[in-house]
Amino acid sequence: MKLKNGIAGVLCAVLSACGGQQETTQEQQTDIETLNPEGQEVVFWYQHTREREEALQKLIADFNQSNSHGISVRGEYVGRYGDIYNKMNVGIQSGSLAASLVVAYQNQAMAYYQADGIVDIMPYMESPKWGFSPEERQDYVQAFLRQDNVGGAQIGFPPNRSMELLYYNLDWLRELGYDKPPANWDEFAKMCRLAKQRPFSKSKDTSRSLGFLLDIDTSRLAAMVFSRGGDLVNADGTAYLLDSPEVRAALELMRELLAAGVIDVAGEQDAELNEFVTGQILFSQDSSSGLPFYKSGIEDSGLDFEWGVTHPPQTGETPVVDIYGASVSICASTPEQQLAAWLFLKWLTAPEQQARWVRASNYFPVRKSTAKELQGYFAENPHYGVAFSMLDYGKSEPTIASYQQVRRLIQKAMVEAIEGENMDQVLANLQLAANKTIEQ
Amino acid sequence: MAIKGGKTWLVYGGLGLGGLAAGFPFAWMLLASFMTRGESLRRVFLPESLQWGNYLKAWQEADFGLYFENSLIIAVIQVSGTLLFSLLAAYPLARMEFRGRDTVFAGVLATLMIPETVTIVPNFLTITWLHRNMPFAWLNNWPAMTIPFMASAFSIFLLRQFMRGIPNELWDSARIDGAGHVRFLFQILLPLCRAPLLTVGMFTYIGSWNALAWPLLVTNTPDWRPISVGLQQFVSEAGAEVHLQMAGAVIATVPVLLAYFLIQREFTEGISMSGLKG
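Just so you know, the sequences run in chain order A and B.
Position 396 (the first sequence) corresponds to 396 in my numbering; numbering is contiguous.
Add 440 to a position in the second sequence, counting from 1, and you land on the number used in my numbering.
Check the hints yourself; a few may be wrong.
Here are the computed lysine-lysine pairs in the DSS-like style, where the Cα-Cα straight-line distance is at most 27 Å [unchecked claim]:
hint	chain 1	residue 1	chain 2	residue 2
1	B	Lys497	A	Lys295
2	A	Lys395	A	Lys372
3	A	Lys180	A	Lys196
4	B	Lys497	A	Lys58
5	A	Lys372	A	Lys58
6	A	Lys412	A	Lys372
The set of hints was computed from the structure by calculation and includes no laboratory data.
Given the sequences, and given the hints that come with them, work out the whole structure.
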């Protein structure tokens with residue numbers, strides 16, 4: 001009887017807690033409707049520098065001048081992603097967080113959310129007064145919004161996205177007897193072998209001729225795994241899935257090509273970009289945000305060859321591409337300041353601002369209707385247009401809070417695997433270590 | 441005789457190779473700073489013509505003028521503070537007898553074993569508290585950039601080791617002439633400590649000049665950010681412009697090199713006389 005009473009008590013507590021939660025959400029919703037963001041100051045921490053920062057500052061200035069609530073946003077460069085992560089963590093721990101908006105990758109945002117450093121954006125999105133109309137909400141690429149949604153909580157909001165692309169040297173491919181990029185990984189391997197045998201005719205240093213440079217980076221591997229129909233986590237995103245046939249196949253192919261000497265490991269930052277633009281490697285797998293750097297690099301290298309971009313080789317019928325990018329989270333502060341931060345975020349992702357941001361940053365917009373405003377840009381930048389057309393095939397990397405830590409474990413395993421260590425052992429250890437980070 | 445000559449050549453050969461290995465990155469940095477982007481991408485060793493414009497572009501694009509000025513002011517404050525506090529802390533540990541002296545010294549030394557990353561959060565908490573409770577701003581201002589580093593265990597250790605080597609007769613003579621500890625320290629000991637003081641100053645200067653993580657943590661605007669932040673701006677998210685980055689690196693390195701060349705002799709002397717040399 002005591003046990004039954006105990007269980008009933010626990011159930012009551014759980015149910016009342018659930019009810020309380022609902023009430024809180026409703027209360028929060030009501031509160032939002034009555035809030036006044038008049039005259040609020042918003043501090044936005046970002047990682048952009050130079051041209052991108054200039055463009056962002058211009059957007060911020062326009063918002064400050066045009067918004068009807070007298071909200072004032074101040075954009076601050078606070079270092080690269082890692083620096084921002086440190087600054088946020090220290091700020092949260094010391095209770096002196098100076099930001100109202102912060103750029104964060106999904107796993108970083110998850111860590112902030114768990115530490116109560118940021119708030120759920122969903123109530124703002126759904127607010128009848130401050131949120132989206134159904135048409136506006138539908139205009140967002142839903143997959144992008146889902147990337148930041150963890151268990152119903154919107155822990156970030158995407159201002160832009162990038163995609164993992166395969167850059168290819170079309171002139172060199174033609175010299176090798178092909179007129180298009182590889183459709184599958186077997187063809188990719190074959191082309192890499194040929195590239196080793198027959199250097200690019202325009203290359204100024206034919207002593208180094210390779211198919212590909214493997215950058216030891218988790219996103220590179222993730223794209224290879226996605227393209228084989230795999231994933232890095234299980235279906236409900238609660239555990240890592242790294243000892244899988246797709247991860248194994250990706251690493252085994254890289255190991256095999258490396259052993260044959262037809263590919264190499266990127267030994268320095270931007271090595272794949274440098275060697276691609278100088279005609280030393282046939283393919284480069286890199287972020288779409290690098291498109292302007294590839295374009296200007298090829299012009300500056302003086303080789304002037306025809307090149308293109310596509311999705312990584314596939315095993316299935318429909319391509320799957322790795323889409324990623326940092327989002328913006330709203331930091332926990334006063335309700336008025338949070339609302340003001342949201343209003344800026346909403347304004348920043350409106351099609352007009354998105355088009356301006358795309359032109360300056362070369363990122364992908366997050367609202368479909370932006371495409372209408374970008375027709376001229378597509379014509380001027382055909383490679384960007386090609387990449388843009390693949391947005392529908394997007395898939396995102398894990399949003400588990402420990403993913404930052406697991407990225408490092410994956411990179412270590414990549415090195416071990418390509419160096420010839422026992423693959424079974426490497427993957428089993430990786431799987432174990434990665435899932436341990438969740439328990440921790 | 442022949443064996444001795446061979447040995448000498450071997451030593452010189454080894455030293456030459458070491459020098460080459462140490463000097464190569466500098467040479468490459470200098471050469472790359474004069475290249476076009478195409479040349480840096482093609483990894484040529486020598487630029488076809490010297491692109492002096494890279495320096496102007498780097499200076500203007502990264503706002504080096506402001507960062508340079510900030511770094512200089514921060515370095516001057518930090519070096520002055522470190523020298524003063526290290527001197528005052530090292531003197532009693534080296535020359536005065538009091539109960540618990542060795543324990544205090546062991547405590548100072550023990551702080552050397554704590555990794556810097558561990559101290560970041562407590563340091564930040566202290567600075568935030570001071571920022572809230574002091575009449576002047578600490579965050580986004582020079583105090584946060586300099587004061588936490590003025591108490592340096594390494595500098596105290598270095599000066600203490602040097603001071604212990606000074607003969608007691610000097611102190612005895614000073615006392616006969618009526619000098620107390622303060623006068624003895626500033627009028628007699630200080631001129632003798634020139635070499636270790638310059639060494640401490642040099643180490644502090646290099647540390648302050650190269651700092652990046654802490655300045656990013658305690659500043660939100662460029663007003664007090666050092667030159668390393670300007671340099672970081674050249675590494676954009678999707679591709680570095682190596683030629684500009686190297687021009688920026690040369691600009692950032694020159695003051696440190698100049699300072700080192702100016703006090704090279706005293707620096708070596710300071711290291712060897714304080715027992716740090718192996």
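Hint check:
The straight-line distance between the Cα atoms of lysine 497(B) and lysine 295(A) is roughly 21 Å, inside the 27 Å bound, and the hint therefore holds. Distance hint between lysine 395(A) and lysine 372(A) is fulfilled; the C-alpha atoms sit about 24 Å from each other, no more than 27 Å. At roughly 18 Å between alpha-carbon atoms, lysine 180(A) and lysine 196(A) fall within 27 Å of each other, so this suggested pair holds. Distance hint between lysine 497(B) and lysine 58(A) is fulfilled; the C-alpha atoms sit about 22 Å from each other, no more than 27 Å.
Proximity of lysine 372(A) to lysine 58(A) is assessed by CA-CA distance (about 22 Å); at most 27 Å being required, the pair is judged to hold. Proximity of lysine 412(A) to lysine 372(A) is assessed by CA-CA distance (about 43 Å); at most 27 Å being required, the pair is judged violated.
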